[in-house]
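Just so you know, the sequence shown maps onto residues 20 to 302 in my numbering.
Don't take each hint at face value.
List of simulated lysine-lysine pairs, DSS-like, C-alpha gap at most 30 Å [as the list claims (entries may be wrong)]:
no., residue 1, residue 2
1, K20, K70
2, K97, K114
3, K290, K174
4, K20, K292
No lab work stands behind these hints: they were computed from the structure.
Here the structure is a predicted model, which is why all the values come from computation and not from measurement.
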Amino acid sequence: KELIARSIHQQSPRSNGPFVCVNCAALNESLLESELFGHEKGAFTGAIDRKIGRFEQADGGTLFLDEVGEMSPSVQAKFLRVLEGSAFERIGGRKPIQVNVRIVAATNRDLEEAVEDGDFRKDLYFRLQVAEITASPLRERRDDIELLANAFLQKFVRKTGRVIKGFTEDAMELLKDYNWPGNVRELQNTIERTVILCRNEMVRATDIQLSSLGSRVSAPAADRTEMGEYRELSMADIEQEHILATLEHTGWNKSRASQILGIERSTLDRKLKRYHVPKPTTD
């Protein structure tokens with residue numbers, strides 16, 4: 020969804036302006052309101068400074084609201100007022116702020132059904148439904164997998180400085196045969212994890228770790244014999260090495276590491292405790 024929204028932005032007259040993303044499902048009501056509209060100093064407990072919201076940050080560009088169907092009724096109402104008048108007040112503020120922003124909204128929910136159930140405002144629904152694009156899941160766009168996988172590989176190779184030229188035929192077949200329940204974001208995280216762990220110039224099927232949530236084929240036996248020098252490691256040893264490599268890659272950013280690993284932050288903390296992994300020390 021974000022790739023489509025970014026493409027719309029880049030092909031528009033606003034391409035030189037900012038492209039700002041907000042995941043509405045990731046924040047509770049009060050945090051989302053502050054994130055979108057900003058707040059004034061002293062507006063609430065903990066508001067020690069003025070905060071510029073995402074609408075202001077996106078002025079002259081595009082604001083992408085992912086999972087817009089998860090907005091609370093009060094945030095929906097304030098959002099609608101912005102769409103109708105392009106002005107709003109920061110939390111705790113009185114001065115109207117005018118912005119010129121293109122809105123691209125996305126959701127996995129059936130908004131028509133949400134309107135019927137009373138979970139989503141009908142007037143907001145019709146304001147958003149100016150132009151609608153239905154994005155098919157990645158599993159229905161097999162031809163896109165190779166293009167996206169290569170693009171993500173180049174991105175993370177540049178980021179990490181690794182020397183990886185591409186995917187073997189078996190590795191690409193594995194990616195194409197997987198169902199990708201997490202769609203493009205899961206593919207991106209998988210390629211990032213693969214780049215961290217790969218020790219060859221070509222990514223092999225054995226270098227790719229896929230979630231058990233999606234059906235997949237096993238790596239071919241012929242490819243499994245090309246893993247290099249054999250080491251006697253238990254599954255726990257392999258998991259510990261994998262976790263440590265990911266943490267080092269992210270600079271011990273546990274939130275980002277857990278996202279790459281495909282586990283909850285609390286699960287990562289439990290595993291670190293189980294393996295007695297000490298926190299890194301700084302000189």
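Hints versus structure:
1. K20 to K70: 27 Å, holds
2. K97 to K114: The given pair, whose Cα atoms are some 15 Å apart, holds under the 30 Å limit.
3. K290 to K174: At roughly 29 Å apart (the allowed maximum being 30 Å), K174 and K290 satisfy the hint.
4. K20 to K292: This hinted pair is violated, its Cα atoms lying about 36 Å apart.
Of the hints listed earlier, the one the structure fails to meet is number 4.
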